[in-house]
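Engineer: Sequence:
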Amino acid sequence: MKTKAAVVIEAGKRIEIEELDLDKPKEGEVLIRYTYAGLCHSDVHVAHGDLEARLPMVLGHEGAGIIEEVGPGVSRVKVGDHVVCSFIPNCGSCRYCANGQQSICDMGATILEGYLPGERFPITGPRGQYGAMCMLGTFSQYGVIHQNSCVKVDDDLPLDKAVLVGCGVPTGWGAAVNTAEVKAGQTVVVMGIGGIGINAVQGAALAGAKNVIAIDPLANKREKAMELGATHAFGSAEEAMETVTNLTRGQMADSAILTPGLMTSEIVRDGFNSVGKGGVVVLTGLNKIEMENIQLSGSVMTLYRKQLRGSLFGDCNPTTDIPRILGLYQSGDIKLDEIITRTYTLDQVNEGYDDLLEGKNVRGIVVHEH
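Counting in my numbering, the sequence shown runs from 28 upward without gaps.
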């Protein structure tokens, strides 16, 4: 069958819309009709070349849709199921899945190659074989994906909101709840209030943090943070320091969650300096893989017992945490509607990313037309 998709052909060039051919699902695979896709910064990293991916690649790794067909041996979902896609697949049986660390499932090793197990490329087109971002390629009307990337959700959940729980919401929320282990009464700093940072704010607030200090240079982002659980908001770490010091009587924050568009050594240093003894600094933002962007005093780290932790997918287990977070949305404890700034058609995907990079959106959504 044919599908219209947004493709990165060459790093640094504009995303192009192409009509591509899609194979039928084979063993363990499903055909999904994507209804919504989230505009997440990681796709920009591929488009700009910060993350080196095999090109051409169909972009999009935050997606939701309906299963149209299943291949042999599929047991996780059936035709007609509503699903949220997990941007890291989970096999359920590798060492990491087996000990409850699905976010680092071995199947995630090829997400920047974009093929399905067995080096299979279900998408072909004028440039040969096309990969799919995170084995999903949600900026396509249809996709053939592995069942291990699917999480079934309740039919009555609005997929245009649930789509965010495929990447941005668990990544931010989990960075606070799981990685930083935020506890009631603590002080938490969140640096960078985009689609991930806003959910770190929500997660910290829900976990009972007494002070949630949001830092972002843009006023619209700071306002949104205050709306959704932050107690204070500042334009820079420098401006926030006095308040962090005063609120904690000099003991500083218990954790700092770093969720910028591009992680820099300055941001890491600011986060490190904002936490006190026993403080945890959580890194969720990315930059070029080979860039060394952590330069800190090892002695201070030792003497103050500070910790630096990497967090992928918010250390979540998608098969249980995606439904759990959606349950919190249904009960009103996590807001999803409020973080969607604007919707776009597939043809407007470049405009959507321009808006993201200019800081206009907390989260933009692509609405697929069929």
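Careful: at least some of the hints might be erroneous.
What the hints assert, rightly or not - Listed below are the simulated DMTMM-like cross-link pairs for lysine to aspartate or glutamate, each with C-alpha atoms no more than 25 Å apart in a straight line:
no. : residue 1 : residue 2
1   : Lys210    : Asp360
2   : Lys105    : Glu54
3   : Lys40     : Asp364
4   : Lys188    : Asp50
5   : Lys29     : Asp50
6   : Lys105    : Asp50
7   : Lys105    : Asp181
8   : Lys29     : Glu365
9   : Lys31     : Asp133
10  : Lys51     : Glu140
11  : Lys315    : Asp133
12  : Lys188    : Asp108
13  : Lys29     : Glu54
14  : Lys387    : Asp183
15  : Lys29     : Glu96
16  : Lys362    : Asp183
17  : Lys188    : Glu385
18  : Lys188    : Glu396
19  : Lys362    : Glu269
20  : Lys31     : Glu46
21  : Lys387    : Asp364
22  : Lys53     : Glu140
23  : Lys51     : Glu385
24  : Lys387    : Glu266
25  : Lys51     : Glu95
26  : Lys40     : Asp108
27  : Lys304    : Glu317
Unchecked claim - With beta-carbon atoms standing in for the labels, derived distance ranges:
no. : residue 1 : residue 2 : range
28  : His75     : Gln156    : 21 to 31 Å
29  : Met28     : Val327    : 26 to 36 Å
30  : Thr270    : Gly337    : 37 to 47 Å
31  : Ser102    : Arg351    : 13 to 23 Å
32  : Leu245    : Asn126    : 38 to 48 Å
Keep in mind that the hints were calculated from the coordinates and are not lab data.
Bear in mind the structure is a predicted one, so any value in this text is a computation, not a measurement.
The beta carbon of each residue, even a glycine, is placed where N, CA and C say it ideally should be.
Engineer: Does each hint hold? Answer for all of them.
Structural biologist: So, going through the hints one by one against the coordinates:
For the hint linking Lys210 to Asp360, the alpha-carbon distance of about 17 Å falls within 25 Å, and the restraint holds. At most 25 Å may separate the alpha-carbon atoms for a hinted pair to count; Lys105 and Glu54 meet this at roughly 14 Å. Proximity of Lys40 to Asp364 is assessed by CA-CA distance (about 32 Å); at most 25 Å being required, the pair is judged violated. Of the pairs offered as hints, the one joining Lys188 and Asp50 is violated, with about 29 Å between alpha carbons and a cut-off of 25 Å exceeded.
Distance check on the hinted pair: Lys29 and Asp50 sit about 9 Å apart at the alpha-carbon level, within 25 Å; holds. Annotation: proposed proximity of Lys105 to Asp50 holds, straight-line Cα distance about 18 Å (limit 25 Å). A threshold of 25 Å between alpha carbons decides the hint, and for Lys105 with Asp181 the separation of about 13 Å falls inside it, so the pair holds. A C-alpha spacing of about 34 Å is found between Lys29 and Glu365, which places the hinted pair above 25 Å, so the restraint is violated.
This hinted pair does not check out: Lys31 and Asp133 have alpha carbons roughly 30 Å apart, beyond 25 Å. As the CA atoms of Lys51 and Glu140 are separated by approximately 20 Å, the hinted pair is consistent with the 25 Å bound. A distance of roughly 22 Å separates the Cα atoms of Lys315 and Asp133; the hinted pair therefore holds under the 25 Å criterion. The suggested pairing of Lys188 with Asp108 holds, with an alpha-carbon distance near 17 Å, which does not exceed 25 Å.
In summary, the hint linking Lys29 to Glu54 is supported, as the alpha carbons are separated by about 21 Å, within the 25 Å threshold. With a CA separation close to 30 Å, the supplied pair Lys387 and Asp183 exceeds the 25 Å bound. As the CA atoms of Lys29 and Glu96 are separated by approximately 15 Å, the hinted pair is consistent with the 25 Å bound. With a C-alpha separation of about 17 Å, the suggested pair Lys362 and Asp183 falls inside the 25 Å cut-off, and the hint holds.
For the proposed pair Lys188 and Glu385, the alpha carbon gap of about 23 Å is at most 25 Å, so the pair holds. At roughly 17 Å between alpha-carbon atoms, Lys188 and Glu396 fall within 25 Å of each other, so this suggested pair holds. At roughly 30 Å between alpha-carbon atoms, Lys362 and Glu269 are farther apart than 25 Å, so this suggested pair is violated. Between the alpha carbons of Lys31 and Glu46 the distance comes to roughly 4 Å, so the proposed pair stays at or under 25 Å and holds.
Taking the CA atoms of Lys387 and Asp364, the gap is near 16 Å; set against the 25 Å cutoff, the hint holds. Between the alpha carbons of Lys53 and Glu140 the distance comes to roughly 19 Å, so the proposed pair stays at or under 25 Å and holds. With a CA separation close to 39 Å, the supplied pair Lys51 and Glu385 exceeds the 25 Å bound. Proximity of Lys387 to Glu266 is assessed by CA-CA distance (about 22 Å); at most 25 Å being required, the pair is judged to hold.
With a C-alpha separation of about 11 Å, the suggested pair Lys51 and Glu95 falls inside the 25 Å cut-off, and the hint holds. For the given pair, Lys40 sits about 36 Å from Asp108 by alpha-carbon distance, which is inconsistent with the 25 Å threshold. For a cut-off of 25 Å, the pair hint linking Lys304 to Glu317 is broken: about 30 Å separates their Cα positions. Under the hint 21 to 31 Å, the C-beta atoms of His75 and Gln156, about 23 Å apart, fit the expected range.
Restraint check, Met28 to Val327: a C-beta distance of roughly 58 Å breaks the suggested window 26 to 36 Å. Checking the proposed 37 to 47 Å range against Thr270 and Gly337 shows it is violated: the Cβ atoms sit about 27 Å from each other. Between Ser102 and Arg351, the C-beta spacing of about 22 Å keeps the proposed range 13 to 23 Å intact. Restraint check, Leu245 to Asn126: a C-beta distance of roughly 39 Å satisfies the suggested window 38 to 48 Å.
Checked against the numbered hints above, the structure breaks hints 3, 4, 8, 9, 14, 19, 23, 26, 27, 29 and 30 and satisfies the rest.
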